[in-house]
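Enquirer: Chains A and B are the protein sequences, given in the same order. Quick note, the first sequence lines up with residues 146 to 592 if you use my numbering. Quick note, the second sequence lines up with residues 10 to 182 if you use my numbering.
Just to be clear, a hint being listed does not mean it is correct.
[Said to hold, decoys possible] Non-contacting residues of chain A with respect to chain B, defined by C-beta distances greater than 10 Å in every case (computed):
no.: 1; residue: 151
no.: 2; residue: 225
no.: 3; residue: 242
no.: 4; residue: 243
no.: 5; residue: 252
no.: 6; residue: 254
no.: 7; residue: 426
no.: 8; residue: 455
no.: 9; residue: 542
[Stated by the list, open to error] Rough simulated footprint, nothing fancy, chain A against chain B, three-plus residues with beta-carbon under 8 Å:
no.: 10; stretch: 21-35
no.: 11; stretch: 40-47
no.: 12; stretch: 53-66
no.: 13; stretch: 163-173
Quick caveat, the hints were computed from the structure, so don't treat them as lab data. Keep in mind it's a predicted model, so treat the numbers as computed, not measured. Here a beta-carbon is modelled for each residue, glycine too, at the ideal position from N, C-alpha and C.
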Amino acid sequence: MTTELDERLLRARPEIPQPSLNAVERIRRNVIHVAGTRSRVPRRRVVLAVVIALTGLAVAAAVGAPFVRSTLDRLSAWADGTPGEPSPAAQASFDAANAESFARFPRGTVAGLLLRSGPPGIEFELLGFRDGENLCVYLKVPNARRWLAPECVSRRELQRFQEPVAVLGGNLRLTGPNRSSFTVVYGLAADAVHAVRVDVDGTAGGPALLGANAFLYVADTPAGGVHDVPDVQVSWATADRASSTTLQILPLLPTEDPAVFPGPARVERTIDNGTIGWLERREPRGEPFEWPAQDRVQRVLYTRALQPDPGRTFRIAVARTAGTQWFTEGAWYCLTWLYPLVPTDESNMCTRASRIAHGLMYTGQWTSSVSEFALWIGLAADEVERLELIRLDGTSLNVPLLANTFTFQTRREEPTKLVAYDEQGRVVVVEFVGGRGGSLTGIAVPP
Amino acid sequence: VRLTHVADTDRELVLRAASGELDAAEELFERHWQQAWRVAVTSTRQPAAAEDVVQDAFERAFRSLGRFNGRSTFGTWLHRIVVNRSLDVARRERWIDSVDVEPGASWSEGPDATVRDAVDRLPPERRLVIVLRYWLDFAPAQIAEILEVPVGTVHSRLARGIEELRNGLEGER
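Next comes chain A alone, as it looks inside the complex:
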């Protein structure tokens, strides 16, 4: 007998998205390769390509005004210590969440209330604070069972930022009290910005609250939901300029052309049997850490937490695991992000230990889909002595490397090249990371 709920369920059958032909082709190529080399270590590159397309669209004409900064390198609200207004209540909940998380901001970190917005009784608060050389914002969701991860961006990245508005975080279907659903977008704004507007999918949108060099947009999620691949357009106006950023997350496929990208183009030495000695030998590094949960298909053998970037209050948990099922048999390395303010959870990336054979494995994450920055974590084989991140404009930075772990931040749409060197300074890995064709998750592949 068919019930009314049966019929509703059948009607609710979602339209199943099709994978791109390129994705199918890539999968086909990889799995057929495995079929042909079943006894050998598979060499594949896992690509979850995600991109932000940036477009410029004028929104308003502006008239003359006194000179104020239109860049994010110096924000007046952040110039003298803590930005925003003191808020004992917000500070108390910040302190409590900080104390409960594994990776904690330094004791005495003061969070100021930047903005507060939302319908009556459901107020979202945007807090601002510093973490060393990073500017951080944190969205406090009313009655939330969990804290969202803080969004921190380094001054160095902000100095390179050409636009007066940086989108640090957002959520297009954030669950509020009583299962209400909200669209929330927030970020930093230069002194010169006098208006910010957010539009989602070209249908819903409105002005954002602006103050303390920050903006906060809160609205009910449209009843029809958001598109599978939503466009989020953040528009702004300064005294002499009006423009916008459209964040559209699409899978793009072509990688950057190594021939035109600055920095080394070729590997000078190939690593074939890379491994992580201390993890294999279960030697202590960093801090002890208890993996959040035993996996059904893997057994955790040894795990530690490390802070490869001393300038960022953030840890990477690393585990050596062993498969317990026939389809997971063998050695695995697992990585997970340990953000301050959020409880340790089970999101992680596990890859067969053999996949680090050629030098690197890495993965990127943004804590909210609407963010212009991504935080990357990875593991390097023992043979890797140094890591360098090179941008298309030719600038580069050394990526902190500690006990084979590394982390770095990029702008999502900006292509970068990650180069690994051995102790003789020879190039052992060249990988494209982020940008329109880079990978979100990957392993080094032999040239």
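With the hints as your guide, set chain B onto chain A.
Expert: Showing chain B alone in chain A's frame:
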């Protein structure tokens, strides 16, 4: 002249692929990738993750062809791997999912979004039987084979899932 294999059974293709014939592996991929994709993307709700699940499932299946015992069909065997991997993804990514909706993962469009959202809120294992039965049209016996549980267990999981859905939907009225 290479004779074309016409309508080899999956079992024959598995045997040929296990002995190293790549065109047999290609044929297995051709026959099964779409359904594997449907199961993966519906189970994980994340197209990017589903791509990885499908690739991983085929890789695992192809690496283990020699161990394929033929007690179930290749399709069921493959779906079992897809389902297990999808459940792993669903469990591991629960935190990310609760914080944000991955682009491409939203089912919240259309007039029946409430039902889809209610299904999404079910625990992964219970959600899975509902999805396999109602959205992917697997018969209870097939679901039992994929999940390696008795058919009666599938029926009871379906009943519990439906009951939970009914309670959830009534609670929203």
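Enquirer: Compare the structure with each hint and give your call.
Expert: Checked hints:
Its beta-carbon lying about 8 Å from the closest one in chain B, residue 151 of chain A breaks the requirement of being farther than 10 Å from that chain. Chain B leaves residue 225 of chain A outside its interface by the beta-carbon criterion, the shortest separation being 32 Å against a cut-off of 10 Å. Chain B leaves residue 242 of chain A outside its interface by the beta-carbon criterion, the shortest separation being 14 Å against a cut-off of 10 Å. Annotated as non-interface, residue 243 of chain A keeps its C-beta farther than 10 Å from every C-beta of chain B; the closest such distance is 18 Å.
Once the 10 Å rule is applied to beta carbons, residue 252 of chain A is consistent with being away from chain B; the minimum gap is 26 Å. At roughly 22 Å, the least C-beta separation between residue 254 of chain A and chain B is larger than 10 Å, which holds for a residue marked as non-interface. Chain B leaves residue 426 of chain A outside its interface by the beta-carbon criterion, the shortest separation being 27 Å against a cut-off of 10 Å. Every C-beta of chain B lies more than 10 Å from that of residue 455 of chain A, the closest at about 26 Å, which supports listing it as non-interface.
Taking the minimum C-beta to C-beta distance to chain B, about 27 Å, the non-interface status of residue 542 of chain A holds against the 10 Å cut. Counting residues of the stretch 21-35 of chain B whose CB lies closer than 8 Å to any CB of chain A gives 5, so the stated coverage by that chain holds, three being the minimum. A stretch counts as covered by a chain when three or more of its residues have a beta carbon under 8 Å from one of that chain; for the stretch 40-47 of chain B and chain A the count is 3, and the coverage holds. For a cut-off of 8 Å, the count of residues in the stretch 53-66 of chain B with a CB near a CB of chain A stands at 8, and the three-residue condition holds.
Counting residues of the stretch 163-173 of chain B whose beta carbon lies closer than 8 Å to any beta carbon of chain A gives 1, which falls below the threshold of three, so the coverage claim is violated.
In the structure shown, a violation is registered for the earlier hints numbered 1, 13, in ascending order.
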